[in-house]
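Undergrad: Letter by letter, the chains look like this.
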Amino acid sequence: MWLIGFRDLQWRRRRFAIAVVSTALLFAVSLLLSGISASFNNEVARTMKELDVDTWVVPAGTTGPFTSTNLFPASVAARVAAIAGVARADPILLFHEVVRKPKPKDVNMIGFTPGGVGQPHVTQGRLPSQPGEIVVDRSFGAAVGDVMRLGSRPFRVVGSVHGVTYLAGTAAAFVSMRDAQQLVLHGAPLSTAIAVRGTPRGPLPPGYERLSNSAVRADLGRPIASARSTISFLNVLLWIIAAGIIAAILYMSALERVREFAVIKAMGSANGFVIAGLASQAIVLAVAAAVVALALAKLIAPAVSLSVEIPAAAYVELFVVAISVGLLGSIAGLRKVLSVDPALAFG
Amino acid sequence: MVTATRHDRLEITDLTVEYSSGGYSVRPLDEFGATFESGELVLLLGASGCGKTTLLSALAAILTPASGSIRLGELEVVGLKRAALTRYRRETVGVVFQAFNLVPSLSAVENVMLPMRAAGISTRVARPRAEHLLGQVGLQERMGHKPGGMSGGQQQRVAIARALVHDPVLVLADEPTAHLDYIQVDGVIRLLRELAQPGRIVVVATHDERMVPLADKVVELTAHAIPESGPPETVTLAAGRELFRQGDAGDRVYVVQEGAIELVRGRADGSEEILAIAGDGDYFGELAPLFGLRRSATARATKDTTLMSYSMRDFRALVAPGSVAELMSHGANTEA
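Protein sequences, first through last, are from chains A and B. When we follow our numbering, the leftmost residue of the first sequence carries the number 1, and every step to the right adds one. When we follow our numbering, the leftmost residue of the second sequence carries the number 348, and every step to the right adds one.
Keep in mind that the hints were calculated from the coordinates and are not lab data. The reader is advised that the hints may include incorrect statements.
Within a straight-line C-alpha distance of at most 25 Å, the following computed DMTMM-like cross-link-like pairs (lysine to aspartate or glutamate) qualify [unchecked claim]: (1) B:K428 - B:E378; (2) A:K105 - A:D146; (3) B:K493 - A:E309; (4) B:K493 - B:D514; (5) A:K105 - A:E309; (6) B:K428 - A:D341.
Where chain B lies over chain A, by a calculated footprint (3+ residues, C-beta under 8 Å) [unchecked claim]: (7) 3-11; (8) 335-346.
Idealized CB from N, CA, C, for every residue including glycine.
All chains should be built: construct the whole structure from the sequences, respecting the hints.
TA: Now the structure itself:
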């Protein structure tokens, strides 16, 4: 059964090559989309780890520090720090900025207290030690020593972090709390959240509530949830199109081989033998497309502006999907094969 | 389970095959009977459409007859089910198809291996057997060639080798010389003759009369017209009686003298379609004797009717001494 299927693939190799490449492109795009979707999830985890906060304190009613901008006096941090179970509490100011570089580019700004909770861990260079210094994520594209303008103020890049992005791959940039307040609050001593080391065991100041890391993570993932579900939906569409390509190729092949199937049946072959031949072609075609897709995805990924982090599970999923798509696509051809009357062999 | 043995005879009794074509019921074989002995080379002769291929299909158990029996020794072929049917097709009968019907993507040796692989025989066993058979048909040098790279005669020999993989008791060949030139025909005819040895029956459907001298038995399936047979006769039919039935052989042409004959054709669903009513002075039934065809409709009296029955020669002299076209254009039903 494998022999006849394999030989037919060789016989019609150009057609099958076209089908493999077309299907592989779809699978590659599917892989890239999975990688982008996974990176949306991974970046949240990385950013949370980078800030290394145990508990977040925000004004009551705030869904999360990264998605809401509810300003309150930074001095509240001192009151929180005095609560039992709290080792340290520092104000944080989170806001969005656009840098002209020279084209406008978005950046997620994080104002932190030097030496306090929420201070980044630079992978290159150093932390800001004086006004006008900034640490940016490597994905932003600024090197240590570069100068970038935030509003009307120039900032010198003194260090970089790696993998600290959120809200669909937007790079994070760290400045001192004082610089952050100067940039957006004209120096007003306000903050958007309090980063706490430890777990408050007493009551918080009135009008404030604590948020766990999991609540913050969920809130940070919420704005991109629709993007992720859209990606999942597009993936399913891509798989359906792939199944359509395989179905068209195999059905065409089945139509051309009606006499051949009739002869094989007339020789006393069970339907299973004939079906297995065609189904094996579908699997070979789909798996070959999946293998080519792996290479294509690796080639294309660097050209994608968003971070692509294809998880190992996506590779396994690709092969499972490929085989399923192949078998699904072969249904029309298989039905044709089953309907072939062996008497046609005499026709 | 009953199986055929090497010394069995093939007995065909009252075999009727009926199928639907264009919504009408067609009966290419009507109560056909014959007996073929082990070792015989049997030729089924006849023009296209006379039922040769239909008979081969029935013998190969690919087509189920409406009635009748095909008996190979103790094995009743008609009505075989599933495993027994598969076993019969696979082991008892080998078929050489008209257009070779080789798988184009497979080499000669792979084509011969195919029925063995389909039967679950390992490649290790199937390949040497296929190579041996190809050697027997003189193709040891072409084993790796695909059908597209071989001549018609070579392809036909591959097809014959393929039909022999299970050393079948019954070998069926459908028009084995149809696509061959005269040089290739010679080799294929010799091969088929050699196959017909005690222990095997070879049945060949052909319209190639060059094979006749080599045959042990010739079965003519053509519905012969006998234009010269008999003088004109008067036929009387009571209302409702049939003059002839659809599928019958036809050798006479009829002219209605008094009364009426309806010409009806059976549909696949069992109903009838009236094609024409032949009244006083109308004639019908000229095509069957003219072209050696079977009756394509049933003729039935709708009331007490008197007809004159003519041989084709007498009728042409009487009605249309000119052209056949003129004769056909005046009939009540040009198809009956």
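Undergrad: It remains to establish, for every hint, whether it holds in the given structure.
TA: Outcome of the hint check:
Only pairs whose Cα atoms come within 25 Å are accepted, and B:K428 paired with B:E378 is accepted, the gap being roughly 23 Å. Taking the CA atoms of A:K105 and A:D146, the gap is about 15 Å. The hint holds against a cut of 25 Å. At roughly 48 Å between alpha-carbon atoms, B:K493 and A:E309 are farther apart than 25 Å, so this suggested pair is violated. Of the supplied pair hints, the one linking B:K493 and B:D514 holds, its CA atoms being roughly 24 Å apart against a limit of 25 Å.
For the suggested pair A:K105 and A:E309, the alpha carbons sit about 22 Å apart, so the restraint of at most 25 Å is met. Between B:K428 and A:D341, the direct Cα distance comes to roughly 16 Å. Compliance with the 25 Å bound is thereby established for this hinted pair. Chain B is given as covering the region 3-11 of chain A, and this holds because 6 residues of the stretch bring a CB closer than 8 Å to a CB of that chain, at least three being needed. As drawn, the region 335-346 of chain A meets chain B at 4 residues by the rule of a beta-carbon pair under 8 Å; at three or more, the given contact holds.
Against the hints set out earlier in the document, a violation occurs for number 3 only.
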